[in-house]
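Participant: Sequence:
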Amino acid sequence: MSNKRHSKKKNLLTMVPLLEDRVRLESDAADSFLVISRTNLIERFSIKFLKQPGFRRIKLDKFGAFAIGQMQHHKNVEQISNDMLLHFGEEADPSLPRLVKFLEILEAHDWLKWENEK
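Take the sequence shown: its letter number 86 is residue 105 in this note's numbering, and every next letter is one higher.
Pairs of lysine-lysine, BS3-like flavour, derived with a Cα cap of 27 Å:
1) 94 with 132
2) 120 with 28
3) 94 with 28
4) 27 with 120
5) 27 with 132
6) 81 with 120
7) 132 with 120
8) 29 with 120
9) 120 with 94
10) 29 with 94
Label-pair distances were calculated between CB atoms; the ranges are:
11) 80 with 34: 21 to 27 Å
12) 54 with 31: 22 to 28 Å
13) 57 with 110: 30 to 36 Å
14) 105 with 50: 21 to 27 Å
15) 132 with 73: 17 to 23 Å
16) 73 with 29: 32 to 38 Å
17) 108 with 65: 40 to 46 Å
18) 66 with 92: 28 to 34 Å
19) 124 with 32: 15 to 21 Å
20) 33 with 113: 18 to 24 Å
21) 66 with 106: 35 to 41 Å
If you are wondering where the hints come from, they were derived from the structure by calculation, not from laboratory data. C-beta atoms are modelled at their ideal positions from N, C-alpha and C, and glycine is treated no differently.
Can you build the whole structure from these sequences, using the hints too?
Facilitator: The structure is reproduced here in structure tokens:
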């Protein structure tokens with residue numbers, strides 16, 4: 020009898036990234052921003068008593084803004100990478116490693132969740 024835990028390996032290319040509910044994309048004529056609501060207890064305290072803003076704005080480059088826009092259409096990582104290559108051409112190359120690093124950063128900050136594998 021084995022007590023080892025067997026984790027099911029997942030293929031990143033088939034996983035669908037989504038933004039957390041407290042994170043949204045805002046765009047104006049020139050720039051795109053991730054707007055993150057500050058919701059935990061310490062942040063709410065600093066908002067109320069230190070008069071800090073209730074959200075953070077993170078400026079995105081054109082590749083990040085494109086990737087977030089594709090996430091809103093519930094596309095998997097492979098589809099987003101292929102769409103980046105089609106949209107930006109060689110300028111986005113290497114698109115997959117760049118996209119994976121971007122997703123790692125979003126996930127490290129808890130701004131990203133994963134939809135069930137399709």
